[in-house]
Amino acid sequence: MLWGVGTSKKPAVRKIKKTRCKSCWLLKKIKWKIKQSLKEMNN
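Residue numbers 1186 to 1228, in the numbering used here, belong to the letters of the sequence shown in order.
Read the hints as simulated data drawn from the structure, not as lab findings. All values reported here derive from a predicted model rather than from experimental measurement. One or more of the hints may lead you astray.
Dumping the calculated DSSO-like pairs for lysine-lysine here, alpha-carbon to alpha-carbon at most 27 Å [what the hints assert, rightly or not]:
| hint | residue 1 | residue 2 |
| --- | --- | --- |
| 1 | 1203 | 1213 |
| 2 | 1213 | 1202 |
| 3 | 1216 | 1202 |
| 4 | 1214 | 1202 |
| 5 | 1207 | 1224 |
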């Protein structure tokens, strides 16, 4: 019985990790865009 409970919890943990990765990726993209725009302004 305990084994069943453990396996049912795993998908939820994976979902949380996936959403975290997505938010981190979005932040990186935004930071990169800001850097690019700053470079263009300096030129």
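Hints, verified against the model:
1. 1203 to 1213: The given pair, whose Cα atoms are some 15 Å apart, holds under the 27 Å limit.
2. 1213 to 1202: Given pair residue 1213, residue 1202 holds - Cα atoms ~16 Å apart, limit 27 Å.
3. 1216 to 1202: This hinted pair holds, its Cα atoms lying about 21 Å apart.
4. 1214 to 1202: 18 Å, holds
5. 1207 to 1224: Roughly 26 Å separates the two Cα atoms, so the pair holds.
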